[in-house]
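Starting from the known structure of chain A, arrange chains B, C, D, E and F on it as the hints suggest.
Protein chains: 6
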Amino acid sequence: MKVKVSRKAHFNAAHRLYHKDWDNKKNNEVFGKCNNPNYHGHNYELIVSVTGEIDKNTGFVVDMKILKDLIKSKVEDALDHKNLNVEVPEFEKLIPTAENISVVIYNKLRPHIDSSKDLEVMLYETPRNFVTYSG
Amino acid sequence: MKVKVSRKAHFNAAHRLYHKDWDNKKNNEVFGKCNNPNYHGHNYELIVSVTGEIDKNTGFVVDMKILKDLIKSKVEDALDHKNLNVEVPEFEKLIPTAENISVVIYNKLRPHIDSSKDLEVMLYETPRNFVTYSG
Amino acid sequence: MKVKVSRKAHFNAAHRLYHKDWDNKKNNEVFGKCNNPNYHGHNYELIVSVTGEIDKNTGFVVDMKILKDLIKSKVEDALDHKNLNVEVPEFEKLIPTAENISVVIYNKLRPHIDSSKDLEVMLYETPRNFVTYSG
Amino acid sequence: MKVKVSRKAHFNAAHRLYHKDWDNKKNNEVFGKCNNPNYHGHNYELIVSVTGEIDKNTGFVVDMKILKDLIKSKVEDALDHKNLNVEVPEFEKLIPTAENISVVIYNKLRPHIDSSKDLEVMLYETPRNFVTYSG
Amino acid sequence: MKVKVSRKAHFNAAHRLYHKDWDNKKNNEVFGKCNNPNYHGHNYELIVSVTGEIDKNTGFVVDMKILKDLIKSKVEDALDHKNLNVEVPEFEKLIPTAENISVVIYNKLRPHIDSSKDLEVMLYETPRNFVTYSG
Amino acid sequence: MKVKVSRKAHFNAAHRLYHKDWDNKKNNEVFGKCNNPNYHGHNYELIVSVTGEIDKNTGFVVDMKILKDLIKSKVEDALDHKNLNVEVPEFEKLIPTAENISVVIYNKLRPHIDSSKDLEVMLYETPRNFVTYSG
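Protein chains in written order, with our numbering: chain A, 1 to 135; chain B, 1 to 135; chain C, 1 to 135; chain D, 1 to 135; chain E, 1 to 135; chain F, 1 to 135.
Simulated from the structure, these hints should not be mistaken for laboratory data. All residues carry an ideal CB built from backbone N, CA and C; glycine is no exception. One thing to keep in mind: the hints can contain errors.
Said to hold, decoys possible - With a straight-line cut-off of 35 Å between C-alpha atoms, the simulated DSBU-like cross-links for lysine-lysine are:
| no. | chain 1 | residue 1 | chain 2 | residue 2 |
| --- | --- | --- | --- | --- |
| 1 | C | Lys56 | C | Lys93 |
| 2 | C | Lys25 | E | Lys74 |
| 3 | A | Lys65 | C | Lys72 |
Stated by the list, open to error - Calculated Cβ distances over 10 Å to all of chain C for the following chain F residues:
| no. | residue |
| --- | --- |
| 4 | Asp23 |
| 5 | Asp77 |
| 6 | Lys108 |
| 7 | Arg128 |
The shape of chain A in the complex, shown without the other chains:
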């Protein structure tokens, strides 16, 4: 009797998409205006889902308050109002595309979720572009 429990959160950040080993012409071809060297930004909407058995005593798969605090301390504090390229160590050698950000968020949360439970990260870069990663 497994249930998937989902919690929505959000953070705002600036980023720039470019490959450090490519010249500007190549970066513009691949990344277009996302390569703007002065950065642009997004309101990232995040949905974190944990799947597992319902605890008989509490009726919870996971306590939403604990999940909310975990997302706050591990994800929002690390990414909110940040420049992803400049201030977030994981993106020193990794391009902060929505795909890569979802993997980074998954890796930040995975050690704190019981191993008997599945984890899924859904990240909206805009209301029209979003990605899903589940390890």
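Relative to the frame of chain A, chains B, C, D, E and F by itself:
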């Protein structure tokens, strides 16, 4: 050629989260303000999904009007504008967390959906907290 | 150069609509299933808007963080996870319809907003029913 | 390290649900007011998802701009502001239910998505009725 | 102490934008693909707002159930699943643009709303295009 | 018979809130983490509304396609994927708060809207923070 067909519905209800065998101190530790003995409430948004083969004659997996009426008679009539703890028999011994409500809704609908088809219940307790159960 | 600044918040609560001087038959005629004596509840979505001149130094009409904290301390702390009929003094003699709740919220906030500025309260009882009050 | 990348699009169209070999009485029984011979219409919201490995150089599973252009040229140009029954060849012998439209869209896109990647089509006929097809 | 009470509804319809006295070239210049002679369609989202004094006995400006039923009988029954050009008499000589539809809906409702109250009609033709009319 | 016609658009941008004549301590007090010198960013959602008489021939207050193109050329091309502080001349001496951005957008559009018509600009900085300016 299986397609998943989803229908959105909603109901409003009051509830309280607490374990009858625990004292108030323990209930407050686990359930916080959701343990308010005077109840609080939610607009529950519900998405019921049925997965199966497309019928060649109608082009339907399931007739949306029939699915809509089924959700009305089996779920909305039972839960809408109700106090879940006091008025819904399934929660006499079951804490009405979102997880448990989704299982109760699934069990109410499953006998009325053809066994060749899969059923999934998604329940939003708030726009930020939601659960998914598929048996 | 007046700008209207809006901040969205939310709270969950239980309530019951009935007139204390009417018998149950009359209350059912007027309020239908909203008269359930065991209560039902809603996720109330709230939009508080303040209209005034832009401050030349800050570029703000009102600091969103201050407005957010004000809504938290004056509205959410008073109404969230509460039974409006039982636990909120303003509704001792006032029926907690969306209309009346919006007036109560307006009156809670008005003394804390500079008198040179206009205040508007928008309250969603459900995604389909909402009210607006501006004094 | 597979990630699912989703892109939202939309188109408006008119349609009518009826089976050519059935008389009007039978069509009304099955399709109700959707059988209106003068047509009715919808704003279809479409979510196209592609699942695959992240490219190490670009950080993309699929370039969103390319996916956006593909949806435009293969789906929107074929269906937007069209009468599905009259003007879209795929529905000459196929009833344009949401289920069948999702299959037609899948088949239009599948040849243009690398075979190592999975494709999923989600189609909202209304905000309350939607379908999902993944081959 | 005036409060504005709003109720959301929706209907689906087909339409075509063209001026009967203009040739096809002129109609295409002005209306583009909305001039498709085979029609296209929309999910129209409608918000009807009534502004007035709160009734001291009920706490209502207007009973939402009565407003909901009024919208159903006067607007939805007249427009839902219809071809606006062919089946709705008001559009025999009036082009069914969002602007004109909002005026028609206003005129259908106005006689049934107490003259001491204000009426406003907001109509979404798509999530990106909408109009507001208040007489 | 005036109708208000609204069109939704969006753009992404990076910005930083700080007053050039204040030291960092003062800027942090007033702007908090919005003062991050490496910038952060938002998906700005924009609603532009034009109010005027319905043209008897077209049924339009304003042609949505023309309004859409105007927003594209005057607002999106100027602000989308830009660093507002660094790349947008209007913000050389003006702090790019939501309030000030809405005024800048209004001023960019006003000369291109017929003077007989009213203009309103609504700008969502996040789904929870938004502003409205109408001259």
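Tested hints:
1. C:Lys56 to C:Lys93: violated (45 Å)
2. C:Lys25 to E:Lys74: holds (29 Å)
3. A:Lys65 to C:Lys72: Status holds; Cα separation ~18 Å.
4. Asp23: holds (14 Å)
5. Asp77: holds (24 Å)
6. Lys108: holds (15 Å)
7. Arg128: violated (4 Å)
The structure fails to meet hints 1 and 7 from the earlier list, while all remaining hints are met.
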